[in-house]
Structures are given as structure tokens and as C-alpha cells.
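Q: Chain order of the listed sequences is A and B. So for the first sequence, the numbering used here puts the first residue at 1; every next one is plus one. So for the second sequence, the numbering used here puts the first residue at 1; every next one is plus one.
Source of the hints: derived by calculation from the structure; they are not laboratory data. We treat Cβ as the ideally placed atom computed from N, Cα and C, and that holds for glycine. You may find that some hints are simply not true.
A short, non-exhaustive set of chain B residues, derived as facing chain A with CB atoms under 8 Å [as the list claims (entries may be wrong)]:
1) A17
2) E110
3) A111
4) T113
DEER-style ranges, computed between Cβ atoms [unchecked claim]:
5) A:G208 <-> B:L7: 29 to 35 Å
6) B:L77 <-> A:R196: 28 to 34 Å
7) A:V166 <-> B:S88: 49 to 55 Å
8) A:F163 <-> B:D96: 20 to 26 Å
9) A:D67 <-> B:R93: 29 to 35 Å
Covered stretches of chain A, as calculated for chain B (at least 3 residues, CB under 8 Å) [claimed, not checked]:
10) 69 to 81
11) 121 to 129
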Amino acid sequence: MDYEANGTTEDGSPAGVAMSEPDRMIAARTWLVIPLFNEGTVVGDVIRHARETFPNVVCVDDGSTDDSAEAARRAGAHVVHHPINLGQGASLQTGLRYALTDPGAEYFVTFDSDGQHRVEDALDMVRRLAAEPLDIVVGSRFLDDRTKPGAIKRLVLKAAVVFQNVTSGVRLTDAHNGLRALSRHAASSIRVTQNRMAHASEIVNEIGRLKLRYAEQPVHIIYTDYSRSKGQSVWNSVNIISDLIFK
Amino acid sequence: MDANQILIKTVLITVFAVLGLVILLPRRGARGMAIRRLTLVLVMVSAVIAVIFPNLTNSVAAVLGVGRGTDLLLYGLIVVFLGFAVTSSAHNRRLDRQITDLARQIALTEATTAHDGRTPTEDGSPA
Numbered sequence: 001m002d003y004e005a006n007g008t009t010e011d012g013s014p015a016g017v018a019m020s021e022p023d024r025m026i027a028a029r030t031w032l033v034i035p036l037f038n039e040g041t042v043v044g045d046v047i048r049h050a051r052e053t054f055p056n057v058v059c060v061d062d063g064s065t066d067d068s069a070e071a072a073r074r075a076g077a078h079v080v081h082h083p084i085n086l087g088q089g090a091s092l093q094t095g096l097r098y099a100l101t102d103p104g105a106e107y108f109v110t111f112d113s114d115g116q117h118r119v120e121d122a123l124d125m126v127r128r129l130a131a132e133p134l135d136i137v138v139g140s141r142f143l144d145d146r147t148k149p150g151a152i153k154r155l156v157l158k159a160a161v162v163f164q165n166v167t168s169g170v171r172l173t174d175a176h177n178g179l180r181a182l183s184r185h186a187a188s189s190i191r192v193t194q195n196r197m198a199h200a201s202e203i204v205n206e207i208g209r210l211k212l213r214y215a216e217q218p219v220h221i222i223y224t225d226y227s228r229s230k231g232q233s234v235w236n237s238v239n240i241i242s243d244l245i246f247k
Numbered sequence: 001m002d003a004n005q006i007l008i009k010t011v012l013i014t015v016f017a018v019l020g021l022v023i024l025l026p027r028r029g030a031r032g033m034a035i036r037r038l039t040l041v042l043v044m045v046s047a048v049i050a051v052i053f054p055n056l057t058n059s060v061a062a063v064l065g066v067g068r069g070t071d072l073l074l075y076g077l078i079v080v081f082l083g084f085a086v087t088s089s090a091h092n093r094r095l096d097r098q099i100t101d102l103a104r105q106i107a108l109t110e111a112t113t114a115h116d117g118r119t120p121t122e123d124g125s126p127a
């Protein structure tokens with residue numbers, strides 16, 4: 001649809017075009033894990049676009065009530081159905097478990113279904129996993145100033161980062177970025193038990209607990225009107241903190 | 001009056017602090033269950049005693065520095081209710097986790113049978 005038109009970036013080059021041979025090799029051993037909940041209007045395009053670069057995509061349909069799952073399947077993704085709605089964190093864990101059953105899979109990317117992540121960023125992150133001794137590469141919106149969230153959102157995200165760094169001992173500039181690339185070791189050892197939004201913090205805590213080798217990669221989040229209307233409200237930060245404390 | 005109320009305040013604050021600890025450090029297994037059951041028995045026994053000797057609540061209230069026995073009962077009710085809320089929310093969390101594991105297992109089983117026994121590998125990625 002028009003999420004791409006809205007979300008064109010400064011450099012704007014489309015992904016999936018003119019991939020080098022090493023990139024193709026890396027992409028073939030990569031699985032994109034996409035949690036999916038009622039995104040029928042955009043998910044087909046998101047997956048088609050992503051599959052130009054990454055052929056392996058697993059969508060975890062978290063009990064959608066629209067045609068999301070069918071759209072994802074038509075776009076060529078593997079679809080795993082949660083029989084009931086469990087939340088995004090649970091979907092990620094299910095998707096990772098599914099992708100891990102492919103013995104050839106070496107890299108795992110957590111990706112959003114509403115078109116706010118760029119495939120180019122994902123490819124950059126997997127490249128780093130392949131080239132550097134890292135277990136996980138986490139996207140950050142704040143390493144450069146391409147991404148422009150609103151003022152309140154920016155403040156809340158910054159506060160979350162401070163809280164996160166203090167509690168996990170992991171130094172990151174962006175606590176709640178959904179774009180991550182994981183090695184097989186990281187994907188199989190990280191346990192996501194937070195079903196709802198606190199899973200992002202939980203993954204950072206797991207990085208600290210498991211002493212994974214991590215790095216950050218500047219990414220551009222595409223805040224379209226669509227993703228903004230679906231996105232997390234700042235109220236959710238209260239829920240996240242309470243989920244983390246009262247686990 | 002104020003000096004007397006220090007007693008009931010200490011009692012209530014201690015109880016709430018303990019409840020707070022129960023939230024933060026949920027105890028699993030035999031010990032947790034035993035503590036819950038003992039508390040329940042204790043509450044039942046004190047209820048029966050309070051029914052048989054209604055004046056007793058008044059004297060206990062006087063000792064603790066609370067005005068009347070009914071006030072003491074109200075405090076007791078609040079404490080028991082909060083305790084119930086805390087333990088049942090911990091219980092719900094545990095149930096949530098189990099349901100998640102169960103649903104995930106169903107989802108993964110269905111996904112593999114839906115692909116007719118194919119593993120994800122056979123969909124284009126190299127061996």
C-alpha cells in the first residue's frame with residue numbers, strides 16, 4: 001500500500017535489488033520472524049518486499065481476526081497460528097522456535113509486520129553478525145538522527161533506556177527497538193517469557209544474563225501514519241515497568 | 001490516643017510490607033502452599049472466635065489502639081482482601097505462562113503438520 005511511499009528515506013534505495021553473492025548466501029541462511037496481529041492491510045506488501053532479500057519468512061499469527069494470515073501466506077511466508085492471542089513477545093518466541101527447526105538457519109531477524117522496519121537495515125545487521133564475533137545486533141533509533149519520533153515519545157524512550165541500562169547492565173541507546181538480528185546461539189538461548197510489550201526489555205536483560213556479545217546498529221524506523229496509529233502509546237511504559245517488576 | 005495508634009499502625013504497615021515481599025518474591029511449591037493454607041485456617045479460627053465472643057474484638061481493638069471492634073474487623077478485611085489479591089495475581093501469572101507454553105506447542109505442531117511434514121528447510125533454503 002502506501003506505507004512505502006510515506007516512509008521513503010533520505011537515501012531511498014529499494015532493498016532486494018542488486019544483491020551481491022555473499023549477501024545472497026547470508027540471506028539464504030537467515031529467517032525473518034514477524035509477529036502478526038491484525039495487519040491485513042499492509043502485511044502482504046511488507047512480506048513481499050522483505051522476501052526480495054530474505055527468502056525465509058515466518059509469520060506468527062497471534063489470533064488475528066482479519067485476513068492477515070491469508071495475506072501473509074499468499075506473500076510466501078510460513079504462517080504459524082497461535083490458537084489464542086498471546087501477545088507480541090510470545091509470538092516472537094514461537095517464531096524463533098519455528099525457525100530454529102531449520103538446521104540450516106544461522107541468523108534470525110525480528111521484524112515488524114507494519115512496515116516500520118527497513119529491510120536494508122536488517123541486511124546490514126545480519127552482515128555484521130556474519131563478519132564480526134557477535135551474538136546479537138540490536139537496532140537503535142538514536143545512534144543517528146534520521147528517525148524522528150515525537151517529543152514525548154522521545155522522552156519516554158530515553159527514560160526507558162536509563163532504566164534498562166541500570167537494571168540489566170547492558171549499555172544500549174535504544175531499549176525498545178523491535179529490529180534485532182540474532183545468531184543461532186542467541187536465538188536458542190534467549191527465553192522470552194514476557195508475553196506482552198515488556199519482552200523488549202526482557203531480551204536486553206537476557207543479553208546481560210547470558211553474557212551475549214552484542215552491538216548496536218543505527219536503524220531508521222519509518223513512522224508512518226499507519227504505524228503511528230497502531231503504535232505503542234506512552235501509557236504502555238507504565239505497563240511495561242509493572243510487568244517487569246511483578247513477574 | 002496517638003501513642004496508642006502507633007501500635008495498630010506498626011501492625012498494619014508490617015502486614016503490608018510482608019504482602020509486598022510476597023509480590024516481589026513469589027514462593028512456589030510446598031512451603032508457599034502451606035503458608036497460604038495456614039493463613040486461611042488462622043483467619044477462619046479467628047472468625048469463629050470473634051463470632052462466639054463478640055466482645056473480644058472490642059478488647060483486642062482497645063489493646064491495639066483502634067477505637068472499636070468493627071474498625072479492627074474492617075482493617076482485618078482489608079488485609080485479607082489484599083493478601084487474596086496478591087496471591088491470586090501470582091497464581092494467574094503462573095497460569096498465563098502455562099497457557100502460553102501450551103498454545104505455542106499447539107501452534108508449532110499444527111504448523112509442521114500443515115506443511116505436510118516438510119521442515120522449513122525444504123522451502124528454498126540450502127541444506
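Q: Look at each hint and say if it fits the structure.
A: Taking the hints in turn, this is what the structure says about them:
| no. | hint | verdict |
| --- | --- | --- |
| 1 | A17 | violated, 16 Å |
| 2 | E110 | holds, 6 Å |
| 3 | A111 | holds, 4 Å |
| 4 | T113 | violated, 12 Å |
| 5 | A:G208 <-> B:L7: 29 to 35 Å | violated, 45 Å |
| 6 | B:L77 <-> A:R196: 28 to 34 Å | holds, 32 Å |
| 7 | A:V166 <-> B:S88: 49 to 55 Å | violated, 31 Å |
| 8 | A:F163 <-> B:D96: 20 to 26 Å | holds, 24 Å |
| 9 | A:D67 <-> B:R93: 29 to 35 Å | holds, 33 Å |
| 10 | 69 to 81 | holds (count 4) |
| 11 | 121 to 129 | violated (count 0) |
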